[in-house]
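Single-letter residue listing:
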Amino acid sequence: MNGFGVDPVAIDLRRLVERQVASLYAHLVTRPTGRAVRMAIESQLASAGEMALSVIDFSEVHVLDFSCADEVVAKLLLHYQPPEEATRAFFIFRGVSDLHLEPIQAVLERHRLAAVAEPPGGRCRLVGVRSDADARVWRSLEERGALSRGEVPAQLPDEVDRTTLESLVRRGLAFQRPESGDYLALSNLMRSLMG
Amino acid sequence: MHVIRVPSSLDYSTVDSVFQQCAQVAEGKALFDAGYLRFVDPQGLVGLLSAGALLKRRLGQAPHLRLPRQTKVLGYLARIRFFEQARRFFSMQARRPREFAASSDVLLEITPVTTNSDVHAVVDRVQSRAGTILTRTLGYPLVTVVQFSVVLSEVCQNIIEHAEAPGWVAAQAYYWAKRRERWMLVIAVSDLGRGFRESLAAEHAGGYGKRWGDGTALEAAFLHGVTRFQDSGRGQGIQQIRRQVRRWDGLISIRSGTARIADVPDWDDTPALEQGLARFPGAQINIVLPAKERGKEKSRMTDPGPDS
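Going down the list, the sequences are from chains D and P. The first sequence lines up with residues 1 to 195 when you count with the numbering used here. The second sequence lines up with residues 1 to 308 when you count with the numbering used here.
Next up, chain D with everything else stripped away, as it sits in the complex (with noise of 0.2 angstroms):
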């Protein structure tokens, strides 16, 4: 155990679609192979515990679609972060360039969801459909790592960005730690389990 009751998972997109989905497929388009792919994240992290951070890499993927962005980003969300639920994974997209950046903000709009993404050489951003508040709040916990629980009545003196930090826990957008009820930013959360 790790003290923090989460399991990583490193997935490398275009290793998982090499070997499991198809080697001849260089590129990450068509929803057939959005849906093979995705299937076979499922399957590495049925392996993992309880609850896991998934870090899906982009970094070796050139061409990404909507259909694929559909079945490989959003519907893995809905998946494990179905809504008025609690998460039972944490996603963090890595990897994501710009060009990468338009079909997944696209499908994340499309269904209403936001997700963690790191671009190449940056710091996490929150993409997708987001409040003013989820910004403000998600950026605030981002540039401080951590905030204790007895910190949060100072640093978000404000009731809405105290009901957001925990609307952003439940979407799995931030991490709160069982049995201190701190909070991490996902960033902080994956360098502590992945180095």
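The set of hints was computed from the structure by calculation and includes no laboratory data. Errors might be hidden in some of the hints.
Chain D stretches covered by chain P per the calculated footprint, using a threshold of three residues with CB under 8 angstroms from any CB of chain P [to be verified]:
| hint | region |
| --- | --- |
| 1 | 29 to 36 |
| 2 | 62 to 68 |
| 3 | 103 to 111 |
Just a few of them, taken from the derived set where beta-carbon distance is under 8 angstroms, the chain D residues facing chain P [claimed, not checked]:
| hint | residue |
| --- | --- |
| 4 | Ala26 |
| 5 | Ala74 |
| 6 | Lys75 |
| 7 | Leu99 |
Glycine is no exception: its CB is placed at the ideal position from the N, C-alpha and C atoms.
Fit chain P to the known structure of chain D by using the hints.
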């Protein structure tokens, strides 16, 4: 013998005349007379293939295709691999040329699309070829190659997922001397499936009542992203393609059944919605992307004819 006259300039704006003539043919033998063909674009070619396939299906025998007289037009048809597909639907004289060098401005030869793997193959091919045409010929930034591949992927998937029938895709850049004095890239997709009206009817016709038809089905899919699937993630392909084509100041049209719907840029005068056209049972998607700047006509080695 029914004679279908192929216009001397066969492109997206004239291919309907072929379908209109085909609509008059119910039985007997048919001849497609392309003897005077001097210019043809990808939309004209996949349209001609579709018309041949439809008549073969209707008449129970392959119509005859009289080949173009001009050698350079024949050469272009060989380069874009028209004959490989045409021999499935037409009988032809054995006058066609055998070997031609790869063409620099044929971005994608006429390629059948029936499976998921075909879409991957199209994207692979375009990724390796599109850079030069999109950047040097059309003046688009290099990142466009990926966006262009995404557009092609989505239009090809439309064949597989919605038509449930075989289709073709082709793309080529050429110089539009008469219309715009600049280079254009034309992407043509055609399938022989069931068309938008039938594809959407079970889920959506009831909501439209008596208004339901080819035009309303196209409006539903093209303007509102409606699909036959319950899945809310479906239907965004066409919407995203439209958005991208608009950014490039391009034209996109979809023709299905007796109607055509289009997003029309300032430089073209295609109507936004046409109805009462000759029936085409599948769907045709036409995309025309203009070069950023007017440019001089380049090498005509691969040009299909003098009338461009």
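*With a cut-off of 8 angstroms on the beta carbons, see whether Leu99(D) makes it to chain P.*
holds, 5 angstroms
*With a cut-off of 8 angstroms between beta carbons, are at least three residues of the region 62 to 68 of chain D near chain P?*
holds (count 6)
*asked:* So, as I understand it, the hint says Lys75(D) touches chain P; can you test that by seeing if any CB pair is closer than 8 angstroms?
replied: holds, 7 angstroms
*chain P over the region 29 to 36 of chain D, status - at least 3 residues with CB closer than 8 angstroms*: holds (count 5)
*asked:* Please verify the coverage claim for the region 103 to 111 of chain D: does it have three or more residues whose C-beta sits within 8 angstroms of some C-beta in chain P?
replied: holds (count 5)
*asked:* A closest beta-carbon separation below 8 angstroms is what the hint needs, so does Ala74(D) meet it against chain P?
replied: holds, 6 angstroms
*Was the hint right that Ala26(D) lines chain P, CB cutoff 8 angstroms?*
OK, holds: Ala26(D) within 8 angstroms of chain P, min 6 angstroms.
In this structure, none of the earlier numbered hints is contradicted; all agree with it.
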